[in-house]
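Just so you know, the sequences run in chain order R and B.
Position 83 (the first sequence) corresponds to 83 in the numbering used here; numbering is contiguous.
Position 53 (the second sequence) corresponds to 1053 in the numbering used here; numbering is contiguous.
Among the hints, erroneous ones may be present.
[Unchecked claim] As a list, the in silico SDA-like pairs of lysine to any residue whose alpha-carbon atoms are at most 20 Å apart: (1) R:Lys97 x B:Val1117; (2) R:Lys270 x B:Gln1077; (3) R:Lys97 x B:Asp1078; (4) R:Lys171 x B:Asp1086; (5) R:Lys97 x B:Ala1080; (6) R:Lys284 x R:Ser43; (7) B:Lys1190 x R:Glu132; (8) B:Lys1135 x R:Glu132; (9) R:Lys270 x B:Arg1111; (10) R:Lys171 x B:Asn1195; (11) R:Lys287 x R:Asp254; (12) R:Lys211 x B:Gln1077; (13) R:Lys171 x B:Lys1135; (14) R:Lys270 x B:Lys1091; (15) B:Lys1091 x R:Ala179; (16) B:Lys1200 x R:Lys284; (17) B:Lys1127 x R:Asp162; (18) R:Lys28 x R:Leu69; (19) R:Lys84 x R:Ala179; (20) R:Lys270 x B:Lys1115; (21) R:Lys31 x R:Lys97; (22) B:Lys1190 x R:Gly204; (23) R:Lys97 x B:Lys1115; (24) R:Lys171 x B:Lys1115; (25) B:Lys1115 x B:Lys1135.
These are calculated hints, taken from the structure and not from any lab test.
For clarity, every value in this text was computed on a predicted model and none was experimentally measured.
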Amino acid sequence: MRRILPAEDRLPPILANIYEDAGFRAYKMRKFEEYSLYLENRSFLESERVITFNDMTGRLLALKPDVTLSIVKNAKADRKGCEKLYYRESVYRLDRKSGEYREINQMGLEVIGDTDTLQTLEVLSLAVRTLEATGEEYVLDVSHMGVISAVTGLIDGLREEDRAQILYLIKTKNPHDLAALCARMEVGEEIARTLAVMAGPSFGFADSLRKLKESAPAAAAEALSELESIYSALSSLGLAGSVELDFSIVNDTDYYNGIIFQGFVKGIHKEVLSGGRYDGLLSKFGKKAGALGFAVYLTDLAPRREGDANDCDYDVLLRYSDGSDPKEVLKKAAQLRADGSSVRVEKEIPAGLRFGRTEEV
Amino acid sequence: MLNIALPKGRLGNKVYKLFESIGYGCPEILEDSRKLIFENRENGVKYFLVKPSDVAIYVEYGAADIGVVGKDVIIEQDPAVYELLDLGFGKCRVAVAAKKDFRDDTDRPLRVATKFVNIARSYYTSKNREIEIIKLSGSIELAPILGLSDVIVDIVETGRTLVENDLAVFEDIVPVSARLIANRSSSKFKAEEINRIAEKIGSVIKND
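With the rest of the complex left out, here is chain R (with noise of 0.2 Å):
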């Protein structure tokens, strides 16, 4: 019997080899960061609850909630040339819903330098070519935080609150809210209408491009045009089939700045995959450098599909008894195993363990 191997165990070679073949560096690090880098950096985080604890000093450390935050300090950041790094780390989130703290087992990769469009589509190409390495139907949503901003931009006077609310019904696709809160707001008819086609449903990348241009600002028309000529260049090289153009990715503006997107696998009920454009983190850092990545959850990526019925545990039950030879039971053993059986050797049935079949020394 030969067992399968979870997504966890068995992806990780091979995307390493992809990444390899692209010129990434294998990049690994500790498990724990001085908790001060998570604190500066809170809104980088989904949730802001690490785990900490105190080294010998005093020093307040933590558990690594993101790998992206450690690379980019770390990082040789200039103009002149890029840093390609991939990783394979875990990280310790705290699950919004169960209030549980997980370890998520990620991989991911990331370029920090000179950050331009050529960069852009070979990060993307490298998030579709690790969607294609699941084996499974997959679908990369592609936004763009820029067009986000330069809409909403144009609201005069637009308070915190309501910024945030646009965000959270463009995200949730709701535009029936959308248009309530653009007409409580009195936001002019153009811009009302771009957010409806942003939260509204998504008909292919080029459909949906071609829809937003027709009512989009001017504001938002470099953003569309790098979209398009992003859209363009991978439908060139092969890749585009599975990319969609969807703005209910958002990402927080102060960190993300131009193309984000979330990687999406049949019969898992989220992404599995994130990543974008963050050149606002690093001039958080003081860092004058652009910086795209991604990184994949191979934790969210287990098979929830249904083992079956007639799959056993072990293809063969072996048992001995006090007088059995011990020489006998092992020789019986590896003829069984060589004829590619799994053999499991006990005197007794072991419990809630399901054979093929048994037989006895």
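We have chain R; now place chain B onto it with these hints.
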């Protein structure tokens, strides 16, 4: 096959009728039985009947692709789902109610009985009022009558229950109606079916 979570009870029946009217019928569901799952292979739909406050959970975790749920539940639970349509029925509001002669004494924290803990907390935080929350699961109206709480935060439809118990609405927090929600991942992989349903329902409620 599209999995649809419906809230048990009155709202559920109304929602089912709506789905039936756009061609996703499954008549078995109207029979008085204890079954929880109803399937119509011809139409490619499977309905689940679940507790109204659980609909969003089934949809968020993808056990159901779409579902219908009150906006009160969405605000309270903040599930990661798409909210596609306001169905315009099941209209009511979440409001603050208390005994008719209630006067707010700001010298001490306000005692609030509710099943909407998050809504109550964020509402009073926005007003900078210190509160003490008492979480109840039903018959919330009893709390102020028995002196268990100063006020309640609860669903008010016609207000009849309140009047009959000598209570009155003091502030409205948020209007509520039934919403069509969808799982984020299903929205990508069953986009055509889900968009079609949302479009059809959208045009039915527009013509109502």
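Results for each hint:
no., hint, in the structure
1, R:Lys97 x B:Val1117, "holds (15 Å)"
2, R:Lys270 x B:Gln1077, "holds (17 Å)"
3, R:Lys97 x B:Asp1078, "holds (10 Å)"
4, R:Lys171 x B:Asp1086, "holds (16 Å)"
5, R:Lys97 x B:Ala1080, "holds (10 Å)"
6, R:Lys284 x R:Ser43, "holds (12 Å)"
7, B:Lys1190 x R:Glu132, "holds (19 Å)"
8, B:Lys1135 x R:Glu132, "violated (47 Å)"
9, R:Lys270 x B:Arg1111, "violated (38 Å)"
10, R:Lys171 x B:Asn1195, "holds (17 Å)"
11, R:Lys287 x R:Asp254, "holds (15 Å)"
12, R:Lys211 x B:Gln1077, "violated (33 Å)"
13, R:Lys171 x B:Lys1135, "violated (30 Å)"
14, R:Lys270 x B:Lys1091, "violated (30 Å)"
15, B:Lys1091 x R:Ala179, "holds (18 Å)"
16, B:Lys1200 x R:Lys284, "violated (48 Å)"
17, B:Lys1127 x R:Asp162, "holds (17 Å)"
18, R:Lys28 x R:Leu69, "holds (14 Å)"
19, R:Lys84 x R:Ala179, "violated (43 Å)"
20, R:Lys270 x B:Lys1115, "violated (28 Å)"
21, R:Lys31 x R:Lys97, "violated (25 Å)"
22, B:Lys1190 x R:Gly204, "holds (13 Å)"
23, R:Lys97 x B:Lys1115, "holds (17 Å)"
24, R:Lys171 x B:Lys1115, "violated (26 Å)"
25, B:Lys1115 x B:Lys1135, "holds (6 Å)"
Comparing the model with each earlier hint shows violations of hints 8, 9, 12, 13, 14, 16, 19, 20, 21 and 24; every other hint is respected.
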